[in-house]
Amino acid sequence: MNVQIEIQLIAIVVALACSTLGVFLILRKMAMMADAIGHTILFGIVVAFFITHDLNSPLLVIGAALTGTLTVFLVESINKTKLVSEDSSIGLIFPLLFSIGVILISLYAGDVHLDTDSVLLGEIAFAPFNRFVVNGVDIGPSSLYVMGTILIINIIYVSLFYKELKISTFDPGLAMVLGISPGIMHYSLMTLVSLTAVGAFDAVGAILVVAFMVGPPTAAYLLTDDLKDMIFLSGIIGTISVILGYWTARIFDVAIAGMMAVMVGVVFLLIFFFAPDRGLLSIMRRKKRQKYDFAQISFLMHVINHEGAEDEREELGKNTIHEHLGWNKEFVKDIFNNLYSSNLVYIEDDIIKVTEKGRDLAISNAEEIVNGI
Amino acid sequence: MSLINIFSDYTLRTVALGSALLGAMSGVIGTYAVLRKQSLVGDAVSHAALPGIGIAFLLTGSKNIEWLLLGAFISGWLSIYIVNIIIKHSRVKYDSALGMMLSVFFGLGLVILTYIQKIPDSNQAGLEGFLFGQASTLLKRDVIVMSIVGGAIIIIVALLWKEFKLLSFDPEFCQVSGFPKEKLDLILTTLIVIAIVTGLQTVGVVLMSAMIIAPAVAARQWTDKLSVMVILSSVFGGLSGVIGTIISSSTRNLPTGPVIVVIISAISIISLFIAPGRGIIWRRMRDKKNKKRLNRNIILNNIYNLSTEGNGTQGYSLEDLSISKGDFNFPINTLEKELENLETLDLVKVKDKKWYITEKGINEIEDFRGGLGE
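Line by line, the protein sequences are chains A and B.
First residue of the first sequence? That's 0 in numbering that gives the first Met the number 0, and the numbers climb one at a time after it.
First residue of the second sequence? That's 0 in numbering that gives the first Met the number 0, and the numbers climb one at a time after it.
Next up, chain B with everything else stripped away, as it sits in the complex (with noise of 0.2 Å):
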């Protein structure tokens, strides 16, 4: 079971490229989420999306990807808009009324699931399926709507690519300056409950607030640059999504869901340590870098303050640069490795166990503290 299958299995390649649709789509809409720190909000919808993809089970009767993903949107939806009201009209907190709306409306879930599950011959059968998801149902036609509403975001995004630039990184320039705040917001708000939905199917209503986040997270440790971070986030979603659906249909029982998140959160740690510039590693070896550099310029600049003060050509022992005056005060051994550092770069010499400083070394300081505006 491999890339080979990818390939010449019918209905494992509609499955793989459902999900990297999924995980294309949710990492361009999960960038502005996670700009606008609203990735919680993808957490609420999925969870609150759960009723209504029972309610929509129990009006139609069909289990038709379209009724139940418009079931979804519009309990998504309403839960984001309550969560809104609450907090417009009372002092409720944003993440309690958040973490309220996602509960009440995941009981009002299983409420209908289990209410379905009495009727008798109604084929319920793979509604628990958007609990954690079920790659292995999607079947053609729901790559087809999957694809479509995938291009419409992305024709939306692009056509509003600068209000919505404006809206993550600056919301009130962008209200001063006369664009639809409070429109574009709820088109913003709109297209994230839009891509979640889209993706429980695949991934399931307790993980999907994973696609949302993780593959923006991971894009923005590799970019400053808006355009840059929206396309990297959607080649790591959907890098993850074909990724973890051949694994998981490799393997019998293997929920989707679970096994794509493992992955793209894989994506973004890694990319949180190694990513160059920001990552932690890098952070780490020039902090490093920096620290040595720093220890070497306080050593050198004692002797140069010492052989100034004196007759220039006299040497100083390893205890007359561990005691002297200075804001820093190594332990001797420090002290010894640092000089014989300097030496090797031949800003000091030693003689007899006295160290002196270069011309070398005098420039090399005098350049230092130019630096520093002295």
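So that you can see chain A by itself, here it is in the shape it has in the complex (with noise of 0.2 Å):
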């Protein structure tokens, strides 16, 4: 395998094992949870890191995984206490212990090959230089192996607790009575988010973990209420993102990772804009049909009402009738228009006449606008 594709691969994996689990936390709206934790691992990396010294023990990782369990834990005594709410305890908790983590790492920068940038930003393009070797063989890079693993569990635990996950996300109340614990299903969620950001971290660093895990499941949210589809589509809005980031980084020779989550944020705006039913055009396109469609009606009940009377020749006449519905000359006429060639209006003598096919559209969607009333 050359070097390019390991990297896209590694890259890949990350984005997979993050938005697997991404779509539950956006969800249960604890996005800003996921950024914290990416920080405060940096402490529990380094607090590992002085009792193994080891960069690459496996006890380093669950050790920053840890971490990650024992920010959301402390979050939730801080809130608990109702001294101070969700969004400030999360604020208060993750910059003490990533600062402790910088700290710690700056005092201790001469023993120590680990810096503060490399954990916050990694570098991907070191990633397949860590290579994986059995019996002399190499097989791979490690990073591969590791984030593939992390990868594996998070899809068995997704797939094995789905219906818990499931309701303890969509109905905690439910999930109580049929005797799921929501706080078991909420901390081994977290646990599994310290543990792929911990994983993630030296590929493509602590903060972009966030951008994968929140992204991807932000974007697919758009696009499908069914929560398998939304999985799916988070996976590959990811591996979508990581393809064209890699590739425009090479181009202009900048942060690879970094130009991953850039464009995870520009495939998410395409989505927001273009989606066929939640994207900002289609709204905007439906909300102008439905006042255009509105406006059709008012016009034909306007000129069913006065039809006859004493001032019909003011009120429907076809110079004067935008005044009397209070609307903008060219949006009158342009109504007319269209009306005309739908055969529902006429004009005769300088007024506006309605048809019968015209009458009976008023008339039927007034009825509906009243039952629906």
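Worth flagging that the hints you see were computed from the coordinates, not collected in a lab.
Here the structure is a predicted model, which means the values were calculated and not measured.
By construction, the Cβ of each residue, glycine as well, lies at the ideal position given by its N, Cα and C atoms.
Careful: at least some of the hints might be erroneous.
To be verified - Label-pair restraints from in silico Cβ distances:
(1) B:Tyr80 x A:Leu173: 36 to 46 Å
(2) B:Leu69 x A:Gln3: 37 to 47 Å
(3) B:Asp286 x A:Arg130: 52 to 62 Å
(4) B:Lys224 x A:Asp333: 51 to 61 Å
(5) B:Thr250 x A:Phe251: 34 to 44 Å
(6) A:Gln3 x B:Leu225: 49 to 59 Å
(7) B:Leu225 x A:Ile4: 54 to 64 Å
(8) A:Ser158 x B:Lys164: 45 to 55 Å
(9) B:Lys224 x A:Asn129: 54 to 64 Å
Fit chain to chain and form the complex, with the hints in mind.
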């Protein structure tokens, strides 16, 4: 395998591992907790490193993952006192742990082969240099194996506890009644989030992990109402962002992981604007369409209300009607032309009249609106 | 290295003054962010400022603080604007939009920083300082810029005091009272962004959010009054700025931001525990006291009930009391201990291992029942 493919493969595995859990994070409104965990694992990595003195030790991964769980626990303890709101609790805990981590690294910078930049920012370009060697045979970059294992753990977790996760996410009350502890689901999910963040930190850095956890699921959320589809779609969106990001970064010779995060944002914005049902453009088109339809019915009703009345010539005159509808003249003209071409209105002696077809349409619509109320 | 240097060392004095200003400024503005439950806006804005710093440097080629802060301001503000657009026009939740924009903008910032590094002779050294802050690089002119910005913020907060107060505590009432809620919202958000951006040089993009949240959380514990909270919050912020700067400049390789954050976080956590009335320790003590009083009254009430039902002069053994009617049953040894306490207060007396209620005890329990509205 060449280095280029290896880098992309690692990043895709990271994106998949992140988005599998990320779907549940955003549905549970825990996106900012993921951000907090992304920061605090630095503390865990530093402390675990002081104990193990080995950056590749599995203990390091476990120790750091526990810090993520500790973060969740601390935030909830503070939140439970009701002295501080939830967002402030998050904002109080993670900078503290993160700062302690940075200070420890700075103080022992000489003895530690660990610097803040690499934990925080990561450098995926270096990821393939660390090889996994079994019996003297090089079988690929070790971060691919680490992240692959984490991805498999996440997939097993989500498929085994799919029902429990789903119920406790959408209806914690029902989950309690059914004997599923929302607390256990919460903590197990957050522990895996920490584990994933730790595994991914040396590839993409602690902050960009958040882009992969939150971005693709949020984009997928705009495309579907089905939880399973959402998981698959966010995997696909993550993969696309990774590949786009890699090649764009290569062209401009800039930070690869950073560019991947940017692409997550770009793909999200594209979906935000152009999604078939929930995209901004189709929402705006729908709103415009509805406004137009409503104006047509109002126009017809106005004609029906005033036909045959004394002030008919004034109210329904083809040059004066816009004043009585209180609409812009161009808009009225537009509506009239449309109605005329659909054979719903006609003009007789400069007075606008409504056809039988127009009358039926207006009245049935008006009834619908009244019944709706 | 210590307090003495602050007066003699010109650089240190500049730096400490800058940090104090920053702490005070973010303390004031953080009060509103925390009260409005927008604490994490600070986190998003500070991360999102990074690309703005890079772009400003690319465009102007200078490291003048005004340009860099302007860039940071625009990109920080833009991120919040995009977040608001997203939540207004789609079903995406606030926290998802915030988390995503934060990391995407930060990613863009890294891309731009690496791009700058590739430009030969670009003299970009120092831009990385914005990650964790380098208070030691603060110059006199930086401090002047900070004082102008800080002064402006304080004047605006003072002028719009009533409006901001209303907006923080009762936004609906603010709107129906005819205040331009959206505009006030915009001004407050802009002030938050300005305060954050000004602090980036000292504390850094990653940790600046703590300067918004922690002083206000600490101040909140000590008072229920907005004016006191604003002042306390700025004092806490300023204090931690000065202390943090002195500590970090006394040790080599110690970035300023994290040290300041540890200090202000410590102040908040200590406040959470010891603040009078609200703090955890006070609450525990009050709970304990209430529980003790309640236990005492339950036991006294029991004896009182038994005595009024019987002939009044009868005494009761521990066993009688422990199985007597009542909603609470105490273990025998707790009961005995509580009875002994009651005896020292002259509310009951003991004779031949039988317990009697005294006149004083009867008065006490009748008062208590009266208080309950029986």
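Output the numbers, in ascending order, of every earlier hint that fails for this structure.
none
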